[in-house]
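Novice: Following the hints, position chain E against chain G.
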Amino acid sequence: MNERAPTVYAVDDEPATLKAIARLLRADGWSVAAFASPREFLEKLDPAAPGCLVLDLSMPEMTGLEVQQALDARRCALPVVFLTGRADVPTSVKAMKRGAADFLTKPVDEEDLLAAVRRAVEKDAAARADRAEVAAIGARLATLTLREREVLAHVISGKLNKQIAAELGTAEKTIKVHRGRVMEKMKAASVADLVRLAQRAGVRPA
Amino acid sequence: MLKTKQTSRLADRVESRLEFETLLSDLSSRFINLPAGEIDREIEYSLRSVCEPLGIDLAVLWQWSVASPRVIRPTHAYCADESLRPSEPMREEHYPWSVQQVLAGRMFAISSPEELPAEAAVDRETCRLFGIRSALCIPLSFGGEPPVGALGFNTLRAERDWPDALVKRLGLVAQVFTNALARKRHDLALQESEERLSLAIKAASIEIWVRDVERDEFWASPETHALRGYGDSEPVTFARFLSSVHTDDRERVRAAHEASLAGKREYEIEYRFLSPGGGRWVSSRGVVERDAAGNAVRVRGASLDITARKTAEAELLQQRNALAHLSRVTMVGELSGSLAHELNQPLTAILSNAQAAQRHLAGPAPDLVEVQEILKDIVAEDKRAGEVIRRLRVLLRKGEVNLQPLDLSEIVEDVLKIMRSDLVNQGVAVTIDAAAGLPAVAGDRVQLQQVLLNLVLNACDAMAGGAAAGEHRLAVRVGRDEAGGVRVSVADRGPGMTPEGLARVFEPFFTTKPHGLGLGLAVCRTIIEAHGGRIWAENNPEAPGATFHFSIPVAAERA
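Residue numbers (the numbering used here), protein chains in the order written: chain G, 1 to 206; chain E, 207 to 765.
Hints are computed from structural coordinates only; laboratory data are not their basis.
Accuracy of the hints is not assured; some may be wrong.
Here are some of the chain E residues that sit facing chain G, going by a computed Cβ distance under 8 Å [what the hints assert, rightly or not]: (1) T554; (2) L557; (3) A562; (4) D583; (5) V585.
Cβ coordinates follow ideal geometry from the N, Cα and C atoms, glycine included.
So here's chain G without its partners, still in its complex pose (with noise of 0.2 Å):
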């Protein structure tokens, strides 16, 4: 698991609020990178560290949606926080439908930047922790023969290992060796928990 400190990017063409954003953000204890040039974000952004964006909308280099696009495009799931000086509803909505993880707008209150900033972050502290484990399974299933993922399949369906011998027209003690195997290199206790690392990683039962 990567423990580094979250770091919390403000992004906002106006010089001036991009510094005061960044000064409150820094008073309330997180380590803050501003931009005031989005593209230069882009440039210098590092997709492992953790932490949140938060983004103002209108901006004529690129407005905020874009930004938010080439996140996408680069498959970077750091979380959104808008800031517009405008409610401009359809906006909101489309930002919010391409996963934001809040929508304010300016003047922003302490409290709801503060909060929103926090949530943000514990998101993708959260999606983070997930994606590793998804990865840690994924490890684990690189190391199955293929034999041993066909067998795998099948226990995940809930067959017993007679049923999916003559379905693989096999011997029933070679499927139990199999089984075992799997069991071990799955670093699964049970085959309950078998069935749901399988599931975390993405194998569908056969």
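Specialist: Frame of chain G, contents of chain E only:
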């Protein structure tokens, strides 16, 4: 030419040269200086004094009617006995031969109707009808012009001879009458012409005036006296005239008079004067008359009442200001999103800065240097918000036109600042290309801002309607105009305009927008023309898009 038969005793007496000359000089002297209105009466009196001693029964002075030339009007007559006065009116067809003679300017005399030639059969018949026994007819002609009528002498009771000497003398009498009648016509024509002029002066409300510089006398047409509150018999001097002028215009009028006397320029001025019926506006022009040495002797002039025009102009200006204000309010409505955003930026910074400062101060060891920095930024942002409000207030001010030297580049920058967030939101990229060292123009800041706002908003609308992606570009250029003024050009990359659109785009209520009022560009044109400039539109030579230009004379040229 004349057949002498026998001479009567009476005639002998009168014909004596001396007596007749006394009569003629007496007669002539009576007509000298006789007012035109008394000439007719004097002719009749004179006819009597000539005819009575000569035993002439009927004398008729007739003239062709000016209105209908075939009608003969007996204008003056003498009858020895009223019972002899012909009852029939005179008709040309009763005397065709006689009329021919008069028209030809030929005098004729007959001792009896029988003497009339064969072709005068109708005339002879008429003579018989009226009992005319003898006649002398002298055509009347004003100085070489065609005859206007004739003077006829007739006897009814007896035939009569017309000796040459008598004919000659009666010819002189006719000449005196002719001159008197000519003078009467002339006087009447003059009087008529004066009356017409006076009527025209009254109808057109014109004052005629003459300023005698040496005698310091200011003569004015009679109507003027009542209008300007001069006393009926009050002698009007130049100072008295000036006192009738509105106090605000008095110095200008005095200067205009002085400049025209000094020969610097024509006297031509519009000013107000104080009238008992309220103030009036006049447009006054004058011509200076000079003596041989070139000194101004007098100024003759006329002043035309232009109060109605001035009132209409004032109303028009008021309406234009009202329209401009309405159009500004409409525009501010369109801009309100942008303005809210402009205010939001500093307010956001202020709130976040202040709350950051509170957090610092709430901590165990506040970073006072940081707090100091934060407070400085809060002050700066507050000023920025104030500036936005100030710009908005200036834009909404409902004021009179206020011309002052302005830098058009600065106005362009101001307007684009106000619109910044709108432009960002619409994804419009703006470039400003302002030439360095441009001269100032004489203009009204708010009105010119309004024109630019309109042009930029229109350009954005045009591109929102149909510009290719990445083509939302707006180019604003400020530079010298070929005509010497300063020109601002706003070029968009929209679809451009149709020929009809180009021709009509500045007309009121012409619009291509679904919810447009069609007033924006019409107001723009009014404003630019009020600045002595011009505004026009054209499609970009390299499509797509259109460019709106306006140019305004530089400040010095206007003054």
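Novice: Confirm or reject each hint.
Specialist: Against the structure, the hints:
Interface hint at T554 of chain E: satisfied, since its Cβ lies 4 Å from the closest Cβ of chain G, which is below the 8 Å cut-off. With its C-beta approaching chain G no nearer than about 4 Å, L557 of chain E sits inside the 8 Å limit, and its interface hint holds. The closest approach between the C-beta of A562 of chain E and any C-beta of chain G is roughly 4 Å, which is under the 8 Å cut-off, so the hint is satisfied. About 7 Å separates the beta-carbon of D583 of chain E from the nearest beta-carbon of chain G, less than 8 Å, and the hint is met.
The criterion of a C-beta within 8 Å of any C-beta in chain G is not met by V585 of chain E, whose closest approach is roughly 11 Å, and the hint is violated.
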